[in-house]
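Chemist: If you read the sequence shown in full-length UniProt numbering, its first letter stands for residue 1, the second for the next number, and so on.
A hint or two may mislead.
In silico EDC-like cross-links for lysine to aspartate or glutamate, where the CA-CA straight-line distance does not exceed 20 Å [said to hold, decoys possible]:
| no. | residue 1 | residue 2 |
| --- | --- | --- |
| 1 | LYS414 | GLU485 |
| 2 | LYS552 | ASP418 |
| 3 | LYS532 | GLU507 |
| 4 | LYS533 | GLU545 |
| 5 | LYS272 | GLU290 |
| 6 | LYS144 | ASP109 |
| 7 | LYS557 | ASP578 |
| 8 | LYS235 | GLU282 |
| 9 | LYS103 | GLU146 |
| 10 | LYS486 | ASP567 |
| 11 | LYS36 | ASP57 |
| 12 | LYS272 | ASP261 |
| 13 | LYS235 | ASP249 |
Each pair of labels, with its calculated beta carbon distance range [to be verified]:
| no. | residue 1 | residue 2 | range |
| --- | --- | --- | --- |
| 14 | THR525 | VAL46 | 23 to 29 Å |
| 15 | SER303 | ASN405 | 26 to 32 Å |
| 16 | ASN497 | GLU378 | 53 to 59 Å |
| 17 | THR569 | GLN338 | 30 to 36 Å |
| 18 | CYS371 | VAL34 | 43 to 49 Å |
| 19 | VAL46 | ASP207 | 52 to 58 Å |
| 20 | SER303 | THR247 | 31 to 37 Å |
| 21 | THR247 | MET350 | 47 to 53 Å |
| 22 | LYS235 | VAL46 | 47 to 53 Å |
| 23 | ALA512 | ASP207 | 53 to 59 Å |
To be clear, the hints were calculated from the coordinates, so they are not data collected in a lab. Computed from a predicted model, the values in this text were never measured in an experiment. Glycine included, each C-beta is placed from N, C-alpha and C at the ideal position.
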Amino acid sequence: MKVVLSTLNAKYIHSSLALKYLKMACNIVDSEIVVKEYTINNELLVILSDIYSEKPDIIGLSCYIWNIDMTLKLVGLLKKVLPKVVIILGGPEVSYDPLDVMKTNIGIDYVVQGEGEETLQILLTALASNTTIHTIEGLSFRQKEEIIVGKPQVIGNVNTIPFPYYDSDMEHLKDKIIYYESARGCPFSCQYCLSSATSGVRFLNLDRVYKELEFFIRHNVRQVKFVDRTFNAKKEHYLPILRFLATQDCRTNFHFEIAVDLLDDEVLTFLKDVPAGRFQFEIGIQSTYEPTLNKISRHNNWSKIVEHVTRIISNQNIHVHLDLIVGLPYENYTQFGQSFNDVYQLRPHMLQIGFLKMLKGAGLRNIANECGYVFLDEAPYEVLSNDSLPYGEVRKLKIVEEVFNQVYNTGRFKYTLDFLIRLHGGNAFHFYHDLSTYWEEEQLHLVAHSSKSIFKYLLDFCSIHHEKERSICQEFLKFDALMSEKGTIQPEFLSWNQDQWMEEKNEFWRNANVVRNYIPDYIFTTWRDLKKKYRIEVFSIDLLEYIKQPGKISYRKKPILFSYGQDSTQYQYIACDDFKKIEGRDYHAL
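I would like the entire structure built from these sequences, with the hints used as guidance.
Modeler: If you want it as structure tokens, here you go:
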């Protein structure tokens, strides 16, 4: 037999860990197994043509919320051009309602339910030898006019599953995210998550994990993303892995989903000294509203979350990504705003605003009527409203999410946003609500935006809501522009120095002894080289004083030297004696 295992990934940079596991597990079957990965952006007829060219006897398709509609259309087309082909579906989108899926899609012959490595291997063996399939657990299939439904399976001993990567895979995967797991299952039962459908956590042996991680390091991959639901579920498992990775000489970044309140002082102290960029943490807060957390069977130790996230971020060596979910039970617009403000004050590097999806197999789907949920009938089953949050407010939060991603999650406007939020009385959610209202009034949610245009929108917003502070806002926007992306974004409408201080700047650069006070290894080469590596801009307010004492605005001209030779932009004041004495005015508190 020839078997094609395939899926439609959401993006090109993604790769399918599931298919790699399945291929490795089924290699013992007397069949030729080919893995074909596409994306949902590929044309359906192109995918059909490519699979057809393999002349398969069996096709296995992995189904998720992002690809299920397109996959089912593909099934129908495959049966038209390959009427004798056997089609097997698997994945979370078909594991929990195989009867409905098979009734409405007659081209599906089998559905593998749950973790499929063992089930698919047994099924392919049976098909190759033409033996019975009736005793295979975790399998739904057709028997004459009847559909026999199985139950989702889990692999009891995950150490029996082979490592899913070959050396030959790595060249093809060099520009993609590498997915890996050191454990399956989750110790929690959050009702919005598919992990609530199973219980317990199963761990790979540590010696095996070390060996497999060395494989990725040897291949110099950019990022390894652990798909463990809660990586730090068991200290005896996760801490040795972190210690092992911290000692490696590599460029690889390792991404983990963690419950940050489970960390203890030993771990937090260890994390302080790990190499910068080695780890990346994604932390699901979801909500800080206690009635909501109770309803979804989730416990957050908020005081520990605040303490631990603050400590990790302060070390400046680990990227921290926090998550919130819109549409959870009992959380209305105002209460979501409070959850947002609670999390925002932690200043994560990224804050993702997600929207609840009523996943098949998740506990919340079973109580949808109780909470008045209205959601999409088809994947991704996103919530439109519930008893606490009408659709109009969900729609508003969609625009808030877009605006937030454009201005906060890009990392370009750190100081401008702090300034504008202070003008809004320190209420971050109030600010983003007002900014999204402006966004919608200008119909900006309907068009794409350049990086420069976002600077203009923030300045225009300030002009409308805080006209007197417009000139100060310009200074913050200039500072943010020079701090991000090595100063390559310089919107023309901001009040740049241009030639105003050219004489002082040129004199500064010609005096090597003075410059070395700021750049110890400075040697003048060419003016072009200087412009590439450095930038001097004179600001009308004391920005560095504001950074040290947030809220304080001092009106005095200050030259700042920006250096772009490092991974991150460095900045420092140039002393007036080294540049030019400039009289200023006394400050006032913002």
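Chemist: If a hint holds in the structure, say so; if it does not, say that too.
Modeler: For each hint, the structure was consulted:
{"no.": "1", "hint": "LYS414 x GLU485", "in the structure": "holds, 13 Å"}
{"no.": "2", "hint": "LYS552 x ASP418", "in the structure": "holds, 12 Å"}
{"no.": "3", "hint": "LYS532 x GLU507", "in the structure": "holds, 18 Å"}
{"no.": "4", "hint": "LYS533 x GLU545", "in the structure": "violated, 25 Å"}
{"no.": "5", "hint": "LYS272 x GLU290", "in the structure": "violated, 31 Å"}
{"no.": "6", "hint": "LYS144 x ASP109", "in the structure": "holds, 11 Å"}
{"no.": "7", "hint": "LYS557 x ASP578", "in the structure": "holds, 14 Å"}
{"no.": "8", "hint": "LYS235 x GLU282", "in the structure": "holds, 17 Å"}
{"no.": "9", "hint": "LYS103 x GLU146", "in the structure": "holds, 10 Å"}
{"no.": "10", "hint": "LYS486 x ASP567", "in the structure": "holds, 9 Å"}
{"no.": "11", "hint": "LYS36 x ASP57", "in the structure": "holds, 15 Å"}
{"no.": "12", "hint": "LYS272 x ASP261", "in the structure": "holds, 16 Å"}
{"no.": "13", "hint": "LYS235 x ASP249", "in the structure": "violated, 24 Å"}
{"no.": "14", "hint": "THR525 x VAL46: 23 to 29 Å", "in the structure": "violated, 51 Å"}
{"no.": "15", "hint": "SER303 x ASN405: 26 to 32 Å", "in the structure": "holds, 29 Å"}
{"no.": "16", "hint": "ASN497 x GLU378: 53 to 59 Å", "in the structure": "holds, 55 Å"}
{"no.": "17", "hint": "THR569 x GLN338: 30 to 36 Å", "in the structure": "holds, 34 Å"}
{"no.": "18", "hint": "CYS371 x VAL34: 43 to 49 Å", "in the structure": "holds, 45 Å"}
{"no.": "19", "hint": "VAL46 x ASP207: 52 to 58 Å", "in the structure": "violated, 44 Å"}
{"no.": "20", "hint": "SER303 x THR247: 31 to 37 Å", "in the structure": "holds, 32 Å"}
{"no.": "21", "hint": "THR247 x MET350: 47 to 53 Å", "in the structure": "violated, 27 Å"}
{"no.": "22", "hint": "LYS235 x VAL46: 47 to 53 Å", "in the structure": "holds, 48 Å"}
{"no.": "23", "hint": "ALA512 x ASP207: 53 to 59 Å", "in the structure": "holds, 56 Å"}
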